[in-house]
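A.B. asks: Chain by chain, the residues run as shown.
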Amino acid sequence: MWQVYFKELLELVRDKKTLIFVILLPIFIFPMLFGIVGSVMAFTANKAKQQEHRYVIVNKEQAPEFAEALFYHKNFKQMEVSATTEAQLIEAIKQDKIDVAVIIPADNSKKQNQLEQVDWKIIYNQSSQYDFMFNYFNEVLQGYTEDLQKRSLKQLDLDERALPAIIKPVKVVKVDSADKRENVGEKIGAILAYALILLCFSGAAYPAVDIGAGEKERGTLETLLICPISRTALVLGKFMTILTTALLTALITVASLGLWGMVIGGLSKTDAVVDIVQSIAVSDLMLMFLLLLPTSAMFAALLLAISIYARTFKEAQNYISPLTIIVLMPLMVAMAPGIELTASTALVPITNIALAIKELMKGTAELSLICLIFASSVAIAAALIAFCVHWFQQEKVLFR
Amino acid sequence: MIDIQDLAKAFALGKNSKLSDTEKQDVRYSKEAFHSVRNVSFSCGAGEVLGLLGPNGAGKTTTLRMLSTALKPDAGSVLLNGVDVLKQPVKARQQIGFLSADTGLYGKLTAFENIAYFGRLHGMKESALKQRIDELFTLLNMHDFANRRADNMSTGMKQKTAIARAVVHSPKVVILDEPTTGLDIMTVQTVLDFIKGLKAAGTPVIFSTHHLDEVASLCDRVVVIDKGISAFSGDIGQFRALSGNGDLREAFLSLLKRDVSAEKQGVA
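Going line by line, the protein sequences match chains A and B. Residues 1 to 400, numbered by our numbering, are exactly what the first sequence covers, in order. Residues 1 to 268, numbered by our numbering, are exactly what the second sequence covers, in order.
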């Protein structure tokens, strides 16, 4: 068995394509892609934050303090347009003459003096992902309304120190019982589990095609079969090779993501990332690896069975592409909001692994459930390996 | 010494597979299965070269695959130097060297590694393996490309490597399935010289071929398989005698004709 194992590994190491898929992709290309996407998002968000919004106020003489405050805000720039009605202002925004318009009613100050509520209107394009403008507008408006409130209270002969209690009789402070790790784990854990399991699959798929169908296509299978070595040993040797590359791909990815995370964290001096990485115990990582082991074994056995059935590389690849989608489904389920790790979800293959990895990242995993998942996954993996060995004894599979 | 008695092998047909008209005419097709080999018997002694002849699809490859233990026969027996291939397949495999024209090599491995891999799978010790490979490299004049990867070899180099790989464990019997089909003249000569070498060393060789000149120059015995049945089994002299003038081609064709006429009589 080990003869087969070492020979297959030697062949894979000499194959440039394997190196690209198993090593280069996770070490450089994935982090680079993540980095590029992240920095682009940060850049556009920053730009949106800094942006200067062109505005007009209709009837600004009705609220001069507000108009003045807006005029001096660094994110607003006053424009002059002839439009005064709502329709005209919308048209002006569409023509990109202004970004935002505020309509103050003509009887604003009169109503205010009579202590009546007035309706203002703000017109702007709300389809953007970032709505910083409205936040700025609110800041200005809040300062303005507070002044108005104080003035009104004076008018009513009330002590202005009672203002907070009148405006907001109850103030609520939110205290989060989840620690930082649980919060971040919930967000990162799901994506990490998704990436890890998918990488195990892709790390297994490439060598599986080569080791199974490749043996047929090259015409080496027959010679191999008549060697005085049992077919079980032959399958297990090949299976171990695929398992190795699958786990290696996942391990390298995690290590490289961790490393890059540290580098970026060190550069940007954000301690949050470092804190979380440090709060994850080695035992948690070991458990994650332990869970990936039967998962990779499942993939390896299944892919080897498919590959050995196929006559050519191409046929094998045709079978494997739809399988990728089948593997994706339970992963998507695990990522869906509201799906929690329970005794029942712990029995759904692949989904359970993804959920368990998330729990481990959050630091809230129940050991009994993890054991259940491990046991059920090992059982499935063992069944698939047994099937693969049985499959390999079939003449109709080997000589099609 | 190889002794084969009443070998038979059928392949199950898929439920939905439709037979073409030509296939329906073939007597070997039944509703459930294709009886590729129905009844093949022959034997080959030490130092003898046996040529296996027959039209395409006659069952030659299936017969040789059963001989080499890659396929399990449904009926019959195969004895290799007294070892029953069916009962002790692993022991039998140690005695067999197998090669076909489309036998491949691992492209990423060198000639040496390709050969050594199979030597190790045959349970050879490292020192003995090195010595044996060195011997084979000298014999086949392969030292120049011993460390070249199979991907970068010429067809001739590949075939030499495949030959060395097939006999690295010093097999007691060598089985060759159309070893010369599709090869250039120089490479064919390498294969033929190699068979001669085996014959001189007293190793029985069974090989299937479509080239009657190879049969004429090498073979001691001839077996003709047609529609899964060994239609002829005897020495080269008996085979020649089948035609009036000693021409091998006529002898071969007369066997197939006899077969067809016998069938027609059976139908009538």
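To be clear, the hints were calculated from the coordinates, so they are not data collected in a lab. One should not assume that every hint holds.
Straight-line distance between alpha carbons at most 30 Å, and here's what the computed DSBU-like set of lysine-lysine pairs gives [stated by the list, open to error]: (1) 314(A) - 108(B); (2) 396(A) - 31(B); (3) 396(A) - 108(B); (4) 257(B) - 396(A); (5) 396(A) - 130(B).
Okay, the calculated beta carbon distance ranges per label pair [said to hold, decoys possible]: (6) 6(A) - 155(B): 22 to 32 Å; (7) 156(B) - 394(A): 33 to 43 Å; (8) 191(A) - 156(B): 47 to 57 Å; (9) 2(A) - 81(B): 51 to 61 Å; (10) 57(B) - 35(A): 57 to 67 Å; (11) 156(B) - 2(A): 29 to 39 Å.
Partial list, derived from the structure: chain A residues whose beta carbon lies under 7 Å from chain B [said to hold, decoys possible]: (12) 2; (13) 3; (14) 7; (15) 15; (16) 16; (17) 51; (18) 218; (19) 225; (20) 226; (21) 228; (22) 281; (23) 284.
A virtual CB, placed ideally from N, CA and C, is assigned to each residue, including glycine.
A.B. asks: Against each hint, give a clear statement of whether it holds in the structure.
C.D. replies: Hint check results:
Between residue 314(A) and residue 108(B) the CA atoms are separated by roughly 20 Å; this keeps the pair inside 30 Å, and the hint holds. Annotation: proposed proximity of residue 396(A) to residue 31(B) holds, straight-line Cα distance about 18 Å (limit 30 Å). Restraint check for residue 396(A) and residue 108(B): the C-alpha separation of about 28 Å stays at or below 30 Å, so the hint holds. The suggested pairing of residue 257(B) with residue 396(A) is violated, with an alpha-carbon distance near 33 Å, which exceeds 30 Å.
For the suggested pair residue 396(A) and residue 130(B), the alpha carbons sit about 37 Å apart, so the restraint of at most 30 Å is broken. A C-beta distance of roughly 29 Å is found between residue 6(A) and residue 155(B), which places it inside the suggested range of 22 to 32 Å. Checking the proposed 33 to 43 Å range against residue 156(B) and residue 394(A) shows it holds: the Cβ atoms sit about 36 Å from each other. A hinted range of 47 to 57 Å holds for the C-beta pair residue 191(A) and residue 156(B), which are about 55 Å apart.
A C-beta distance of roughly 30 Å is found between residue 2(A) and residue 81(B), which places it outside the suggested range of 51 to 61 Å. Between residue 57(B) and residue 35(A) the beta carbon distance is about 60 Å. The supplied range of 57 to 67 Å therefore holds. A C-beta distance of roughly 33 Å is found between residue 156(B) and residue 2(A), which places it inside the suggested range of 29 to 39 Å. Checking residue 2(A) against chain B by beta carbon gives a least distance of about 10 Å; that is not within 7 Å, so the hint is violated.
Because the smallest distance between the Cβ of residue 3(A) and any Cβ of chain B comes to about 5 Å, under 7 Å, the interface hint for this residue holds. At its closest, the beta carbon of residue 7(A) sits 5 Å from a beta carbon of chain B; the interface hint therefore holds under the 7 Å criterion. Proximity of residue 15(A) to chain B holds as hinted, the smallest CB-CB distance being about 6 Å (cut-off 7 Å). For residue 16(A), the suggested interface contact is broken, since its CB lies about 10 Å from the closest CB of chain B, more than 7 Å.
Interface hint status for residue 51(A): violated, as the beta-carbon distance to the closest one in chain B is roughly 56 Å, over 7 Å. A least Cβ separation of about 4 Å between residue 218(A) and chain B falls short of the 7 Å threshold, and the interface hint therefore holds. With 7 Å as the threshold, the beta carbon of residue 225(A) comes within range of chain B, its nearest partner Cβ sitting at about 5 Å, so the hint holds. Look at residue 226(A): its Cβ gets to within about 5 Å of chain B, closer than 7 Å, so that hint holds up.
Interface restraint check for residue 228(A): the shortest CB-CB distance to chain B comes to about 4 Å, inside 7 Å, so the restraint holds. Given the 7 Å rule on beta carbons, the hint for residue 281(A) is violated: about 41 Å separates it from the nearest Cβ of chain B. With 7 Å as the threshold, the beta carbon of residue 284(A) stays out of range of chain B, its nearest partner Cβ sitting at about 38 Å, so the hint is violated.
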